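Enquirer: Given next are the chains, with one letter for each unit.
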Amino acid sequence: MKDQEPREVSASRRAFLRGIPVLTAAAAALPAPALAAHGKHHWAMLVDVRKCIGCQACTVACIQENAVPEGSFRTIVSTYSVKLADGDQPAGTYMLPRLCNHCDEPPCIPVCPVGATFKREDGIVAVDGDRCVGCAYCVQACPYDARFINHATNKADKCTFCAHRVDAGLLPACVETCVGGARIFGDLNDSQGELRRRLDAAKAEVKVLKPEQGTEPRVFYIGLDERFQGKVEGQGTLWQPRKAHG
Amino acid sequence: MTPDIVETVNVAREIAWLPWAVQYFFLIGLSYGAWLVSLPGLVFRRPGWEGISRLALLAALVCGLTAPVALLADLHQPGRFWHFYAYFTPTSWMSWGAFFIPVYLTGLILYAWLAFRPALARHAEEGGKLAGLARRLAYGGHESRKALVAAALLTFVGAALVALYTGVEVMLVRARPLWHTPLLPVQFFVTAVAGGLGLALVFNRALPGGGDPAATRRMAIGLALTQLVALLVGVVWLALGMSGMSPEHAQALAQVAPSANWKVSAVWAVLATVATLALAVWRPGSGLLIGLLALHSAWMMRWTIFIGGQEVPKTGAGYYSYQLPLGPEGLMGIVGTAGLWIFLFVVLTTLLPLDRIGQAQPARG
Ligand code: SF4
Ligand code: SF4
Numbered sequence: 001m002k003d004q005e006p007r008e009v010s011a012s013r014r015a016f017l018r019g020i021p022v023l024t025a026a027a028a029a030l031p032a033p034a035l036a037a038h039g040k041h042h043w044a045m046l047v048d049v050r051k052c053i054g055c056q057a058c059t060v061a062c063i064q065e066n067a068v069p070e071g072s073f074r075t076i077v078s079t080y081s082v083k084l085a086d087g088d089q090p091a092g093t094y095m096l097p098r099l100c101n102h103c104d105e106p107p108c109i110p111v112c113p114v115g116a117t118f119k120r121e122d123g124i125v126a127v128d129g130d131r132c133v134g135c136a137y138c139v140q141a142c143p144y145d146a147r148f149i150n151h152a153t154n155k156a157d158k159c160t161f162c163a164h165r166v167d168a169g170l171l172p173a174c175v176e177t178c179v180g181g182a183r184i185f186g187d188l189n190d191s192q193g194e195l196r197r198r199l200d201a202a203k204a205e206v207k208v209l210k211p212e213q214g215t216e217p218r219v220f221y222i223g224l225d226e227r228f229q230g231k232v233e234g235q236g237t238l239w240q241p242r243k244a245h246g
Numbered sequence: 001m002t003p004d005i006v007e008t009v010n011v012a013r014e015i016a017w018l019p020w021a022v023q024y025f026f027l028i029g030l031s032y033g034a035w036l037v038s039l040p041g042l043v044f045r046r047p048g049w050e051g052i053s054r055l056a057l058l059a060a061l062v063c064g065l066t067a068p069v070a071l072l073a074d075l076h077q078p079g080r081f082w083h084f085y086a087y088f089t090p091t092s093w094m095s096w097g098a099f100f101i102p103v104y105l106t107g108l109i110l111y112a113w114l115a116f117r118p119a120l121a122r123h124a125e126e127g128g129k130l131a132g133l134a135r136r137l138a139y140g141g142h143e144s145r146k147a148l149v150a151a152a153l154l155t156f157v158g159a160a161l162v163a164l165y166t167g168v169e170v171m172l173v174r175a176r177p178l179w180h181t182p183l184l185p186v187q188f189f190v191t192a193v194a195g196g197l198g199l200a201l202v203f204n205r206a207l208p209g210g211g212d213p214a215a216t217r218r219m220a221i222g223l224a225l226t227q228l229v230a231l232l233v234g235v236v237w238l239a240l241g242m243s244g245m246s247p248e249h250a251q252a253l254a255q256v257a258p259s260a261n262w263k264v265s266a267v268w269a270v271l272a273t274v275a276t277l278a279l280a281v282w283r284p285g286s287g288l289l290i291g292l293l294a295l296h297s298a299w300m301m302r303w304t305i306f307i308g309g310q311e312v313p314k315t316g317a318g319y320y321s322y323q324l325p326l327g328p329e330g331l332m333g334i335v336g337t338a339g340l341w342i343f344l345f346v347v348l349t350t351l352l353p354l355d356r357i358g359q360a361q362p363a364r365g
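Chain order of the listed sequences is W and C. Residue numbering for the first sequence follows full-length UniProt numbering, beginning at 1 and increasing consecutively. Residue numbering for the second sequence follows full-length UniProt numbering, beginning at 1 and increasing consecutively.
Calculated directly from the structure, the hints in this document are not laboratory data. Owing to the predicted nature of the structure, the values given are computational and were not obtained by experimental measurement. Please note: incorrect hints may appear among the correct ones.
[As the list claims (entries may be wrong)] Heads up, simulated EDC-like pairs for lysine to aspartate or glutamate below, C-alpha to C-alpha not over 16 Å straight-line: (1) W/231 x C/355; (2) W/210 x W/233; (3) W/231 x C/125; (4) W/83 x C/4; (5) W/119 x W/86; (6) W/231 x W/205; (7) W/210 x W/225; (8) W/207 x W/190; (9) W/83 x W/233.
[Stated by the list, open to error] These stretches of chain C come out as covered by chain W in the derived footprint (C-beta under 8 Å, 3 or more residues): (10) 8-22; (11) 316-325.
[What the hints assert, rightly or not] Chain C is faced by these chain W residues, among others (derived, beta-carbon under 8 Å): (12) 50; (13) 83; (14) 112; (15) 133; (16) 140; (17) 145; (18) 148; (19) 177; (20) 235.
Each residue gets a CB set at the ideal place from its N, CA and C atoms; glycine is no exception.
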């Protein structure tokens, strides 16, 4: 069974893990906080939409890892039924994993009235929970609906790229668990790394969501259909988590 | 027709700026709008305006004191409001707003106190309710014109900053095309002034004898003007959107045009504005009705922009549907602010009854 594990995943995992001993050794020699300190890394993610099978394993892994309250999501695989004009079947399914893009020009940061939202030197956009007043201005400002107010903490919440795991040399939970091998996480500054190599190889095909917003997302997509790049035109989902769970 | 794309799995994001926020923007708008109406009578001493200007000042005060409570309640961590002052963030208009509000309120309270001092003293002299407290508050009851003008200047600065920040804060949110239009602050301002006039008209009508008819007519003209401007701004908004001249407006229009709810809201808003305008022109005596209509339009506009705006998904298909919850995150927010408003109104008008405020009074030395 192990041999049948999707290649790309094990490859990306191996590549990532291979670098770990060096990093952690360096981290041990430095005063904390280790990995993030010098802007040495620039974490990013590549989502190969063609490989996503829509199983929502990432959605569940994220909820488990980050204790996301019921009805809220830091990542979800938006799923669409798309009419096919030239197929045997009347419709196909399109899957689009969504999460915080850890934008390099993040509109969620300047609006925060207390400076609780910030960008770490390693590119991760984070919320200082001790400072956040829960005003939700950042929720409004994010063009991707990536943020929400966590009802358990009453603070702004969103994907952190699993910063706590990354700092410990691990992959984000969604990447670790991805069944289709669609999510690749890594360091943009590492020219030999899996992420960089994949991005370079797929160059022309690499897209981001809503590029016109000038947010410079650091979640990249391969196989992103234009119709799903911005606000999707179509019939909205009838399922609403809060309603479903009271 | 079946759509080409149907969303089968996605998250519906909840409304994050709650009805409390609508109440805040409504009340703070009414407050500075009504405050502007207090100027002709109290600062510029325009004949015939004194009574109505005092009533407008009462409106500004009651709304201005209620508004920050609604704002505080909209925070999900209200106990941390001091973070606004401990961690000033100059890139955020909301952070600036935390400093503008106290400027406005300090000015407003000072200005109101200076304006009402003589009336408070008279109320105490004549043995009205809470006469002791009124006497203490009147603190001699002198009328000091210079101090009043100085306080008016401070309030003006605060009011201008508040009007500016409340509009720009929302306008800057590029992620919501409906908010991200340069006309939004203008629309907030015009409806705020209309609402302020409206509330003063309602107070005027509550006076024994239904208020001064000449004042009612004067206010009706003012209200008609605001409605005309509101309609003009609406036409410009639509023209910019439909012609594609302004991509922001075109995008905003494209997002809401397919929705039946939005069409109803738009038709409703236009009809209410036209009705207010027509009544104000042809039946300027119908002070109560046009006043209530203007208040209703100011509130509806904010509800539609804030709650309706948050029903438009930023990435997902279709619309999120919002149902007003009955608890503190919904209906209680509206009822709560209304309750506080009434409480403050009762306290203030016990100390200084409405008819005493509404009387045109000769200046005292
Ligand atoms: S996706 Fe949204 S929350 Fe994440 S960094 Fe960009 S603007 Fe901020
Ligand atoms: S909700 Fe928190 S992180 Fe977001 S803008 Fe407000 S204070 Fe900042």
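Enquirer: A separate judgement is required for each hint: does it hold in the structure or not?
Expert: Against the structure, the hints:
{"no.": "1", "hint": "W/231 x C/355", "verdict": "violated, 55 Å"}
{"no.": "2", "hint": "W/210 x W/233", "verdict": "holds, 14 Å"}
{"no.": "3", "hint": "W/231 x C/125", "verdict": "violated, 67 Å"}
{"no.": "4", "hint": "W/83 x C/4", "verdict": "holds, 5 Å"}
{"no.": "5", "hint": "W/119 x W/86", "verdict": "violated, 45 Å"}
{"no.": "6", "hint": "W/231 x W/205", "verdict": "violated, 20 Å"}
{"no.": "7", "hint": "W/210 x W/225", "verdict": "holds, 12 Å"}
{"no.": "8", "hint": "W/207 x W/190", "verdict": "violated, 20 Å"}
{"no.": "9", "hint": "W/83 x W/233", "verdict": "holds, 13 Å"}
{"no.": "10", "hint": "8-22", "verdict": "holds (count 9)"}
{"no.": "11", "hint": "316-325", "verdict": "holds (count 6)"}
{"no.": "12", "hint": "50", "verdict": "violated, 18 Å"}
{"no.": "13", "hint": "83", "verdict": "holds, 4 Å"}
{"no.": "14", "hint": "112", "verdict": "holds, 6 Å"}
{"no.": "15", "hint": "133", "verdict": "holds, 5 Å"}
{"no.": "16", "hint": "140", "verdict": "holds, 5 Å"}
{"no.": "17", "hint": "145", "verdict": "holds, 4 Å"}
{"no.": "18", "hint": "148", "verdict": "holds, 6 Å"}
{"no.": "19", "hint": "177", "verdict": "violated, 17 Å"}
{"no.": "20", "hint": "235", "verdict": "holds, 5 Å"}
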